[in-house]
Amino acid sequence: MGWVLFPKLLYSQKQQPVAFNHALHNEEVDGGCESCHFFRDDGTYSGVPKLAQCVDCHEEMQGDSEAERIFVEEYVAKGREVPWLVYSRQPDCVFFSHAAHVILAEMECVTCHGPIGESESLKVYEENRISGYSRDIWGKNIAGIKRNSWDRMKMDDCSDCHRKENVNQGSVQTHKGGCFVCHK
Amino acid sequence: MKIDRRSFLAFVLGGAAGTALSPLPWKLTDDLAIWTQNWPWTPVPQDGEVTYLNSTCTLCPGGCGIRVRKVDERVVNIEGMQGHPVNDGGLCTLGLAGVQLLYGPTRVTSPMKKVNGSWRKISWDAAIAEVVEKLSDLRAKGLPNTVACISESDRGTVAELFNRFLTVYGSPNFIRTPSIQDSYELALYLTQGVPAMAGFDVGNADFILSFGSGFIEGWESPVYMFKANSKLRDHNGRMDQVEPRLSKTAAKSDKWIAINPGTEGALALGLAHVIIKENLYNREFVAAYSSGFEAHKKIVIDGYPPDIVAKITGVDTATITALARDFAGARKPLAICGRGKGKTPGSLQEFLAVHTLNALMGNINKAGGIWAVPEPDYISWPELGMDNVASTGMQQRRVDGAGSDKYPHARYLLNRLPEVINSSQDSPIQMLLVASANPRYTLADSQSVAKAFEKIPLVVSFSSFMDETTVNADMILPNHVYLERYEDVPAARGFPKPIISLAQAVVDPLWNTRHSGDVIIQIAKQLGGPIADAFHWDSYHACLEESLADKWDTLVEKGYWIDEEFVAADWAEAFETESGKFEFTSKEIDALPQYNPLKAKGDETFYPLVLIPYDSMRLTDGYIGSPPFLVKSLEAYILQTNDVLVEVNPTTAKEYGLDDGSVAILRTPKGNARVKVQHYDGIMPGVIAMPRGLGHSAYDKFLAGKGANYNALIDVLEDPASGYDAAWGIRARLAKA
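These protein sequences, in sequence, are chains A and B. According to the working numbering, the residues represented by the first sequence are 1 to 184, in order. According to the working numbering, the residues represented by the second sequence are 1001 to 1737, in order.
Everything labelled a hint here was simulated from the structure, so no lab data went into it. Built from N, CA and C at the ideal position, the CB exists for glycine as well. Don't take every hint at face value.
What the hints assert, rightly or not - Calculated pairs, SDA-like style, for lysine to any residue (alpha carbon to alpha carbon, straight line, at most 25 Å):
| no. | chain 1 | residue 1 | chain 2 | residue 2 |
| --- | --- | --- | --- | --- |
| 1 | A | K50 | B | P1509 |
| 2 | A | K8 | B | K1027 |
| 3 | B | K1070 | A | Q53 |
| 4 | A | K140 | A | I116 |
| 5 | A | K146 | B | S1022 |
| 6 | A | K140 | B | D1030 |
| 7 | A | K140 | B | W1026 |
| 8 | B | K1070 | A | D41 |
| 9 | A | K8 | B | K1070 |
| 10 | A | K14 | A | K140 |
| 11 | A | K8 | B | G1018 |
| 12 | B | K1027 | A | L5 |
| 13 | B | K1231 | B | F1566 |
| 14 | B | K1070 | A | S149 |
| 15 | A | K140 | B | K1027 |
What the hints assert, rightly or not - If you only want the chain B side, here are some residues facing chain A, beta carbon under 8 Å, derived:
| no. | residue |
| --- | --- |
| 16 | D1031 |
| 17 | I1034 |
| 18 | I1128 |
| 19 | N1422 |
Could you build all of it, start to finish, from the sequences and the hints given here?
This is the structure in structure tokens:
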């Protein structure tokens, strides 16, 4: 009983402000994920797109879906940023560089984020009532068991891959265990 | 089912074992760990796109270029602009702390009107309409000259818009806040006949003799001077500091010459005596490009031999003679003056005595010398069409007396305004506009200033902050802060070349504020007639762009425009006096250059000590209040909790039974303050010193109520030659609390 009840108590269920179809957008663009989730000129990663990028195409209504109407009327017309709930948002004590992983190590987005680019709708965002972060960080499985590389995003999951790939995890200066590589 | 002891224990233990084997405790421990590492009140740096924008710092007249780092729309850092001619990458503590002024709690967030003693937010339309109504009313009564404006500067488009408005409205009462700029401009005008700004080619000097100037404590353009000081050291140059107190500048100088406070002018004449007597002056300059030298020579030879000067200044004759010889022996010696940061104009005689010292060495308009930098002339707006009311108003005398028979050479005499208002039955000023100034705090004798301002029926503040003047005003038309607005910075104080910088809006205004330039244009348009005609621009931005004309693109792109090729005029062309030469003595003012002591006010028996101020780079003492970063960084010998420390020489302290760190009451003829005693060997016996910039009653909790305001303890000491405030201190009494 605890296995069912506990997650329900621990996580609150939240809907995204606007229904979004990744698959549909992916068909429209040429550059894959990076068309919207791009690297800035200075190498930093832009993350979830800002309204300014969406407006390039969505200045006017594209189609007549309810989601489109809400998006254009509530956000585009009013110039308000969409308060997206980010499934992969890490605690503020974690420093993560997309550039090091995607550009330098040439990793696929899918490895950590899963096949979200093929999804037609955004799943319910489950917020941990204690920590305030998404359930996707700990993983859907409350026992922490994972089948795919993208099932969890805890520190151990970073380490698993780093060990497997033989990544130097130590500090460049001291060659000792480098907590401060990720925890600034 | 019967629950016996055995089955109860089995249930509890089984439950505990089951729970321990389940992920529950591990999961909750993990969540709690994350929760405790991310307290909601822990500040978290914003994540987003990083951009850099060039602008100019306007927090002081130094004119430093800045580079503002933003993360998305949030300003997160301000640094000095690399390659900028004034500050080349450097920035002072105030400039660095500018972000706090933008986001801090002391901003005025909307136009406000005082109703029955408390502030009410009103709309911009209503606020402007009310000001326009009052202005129309005064004009209809034929009293346009009862409107005055106090501004930190009289140059640049915003100050010029205010001035233009007053002129076409019919009031001559545009008043700039006082500083050493007043005295330097006048000294240059009287000796060289040019309307110019003083520029100091300090980077190329090899001996700087400073008469009390805080060369590395905020004098003129602070960062430019820091850099010049470093250059001087690199070139094995020398700097001597003449000052009654061991300031930071004195401590970093090659020689500190402790002098009786207020007698610096006498020392300058004593040095001139030795230089002339021993023929150490620049004969080419004196013979061919100066006039009145013989008269000057007679004055200094007869009146200021070292033994007499030693008696006045307390500096011994050997030091005076050696200093004069060293100064004259340097290749590029430069004498500078204006105490501390230069907030008080000072005695004209003192400025002339120091300036003629430079002339004796022929380092006027030469590398390493003092340069006459032409006033900026890029603002050329259409001629004003003045109606009768305006012309009549403009013919009235200035309320502060500047330009009158008594003060023919002064341009602005804000220090006289409180007395003029207080001595009249009805205030000669019916409406006062205050732009980028905080006279209620910065002027000497705060009580009289407050009394005078209370008599003015309508005080309108254009301040972005709840400063002392604004809190006590009747209406606020808040300006954007410097990071939210465009504005030209027409010069950098003390910088030897013409430079125009552009302050650019790096963020959108956070609050319901409006550019003062726009507000003045809107007021003028609503007043109609020739006043509206004088302001043909749709907006301040249009006015700014038009005024800067061909320099606009450079300014937007680089942030500054500089006349790189500028060299101060050759001696043959430099002087526009009657004689066409540098005038050691001037017909215009008889007593120059001499030394007539300006004694500190107060009865010597009741006030046996002399109180002098000092300035710190960690405290602002102008229109801008110190942001929290600065207050936090104050040394423990300046401020302890809420008490300001007053420096007392241990011998003086012993005489009056004042223990180190004890609380005392400081009394001057103008007021009292609770202070703490700080024993300090670096201050003369009989003299005590306190910092300027504390004792605010307004602003936020980070600044208000800390220490005491020096300005509330001193009185104006009017310079008989110019009318400017020449107060260098006041008599005081210090007693155990």
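Let me make sure I understand: some of the numbered hints might not hold for this structure. Which ones are they, in numerical order?
9, 14, 18, 19
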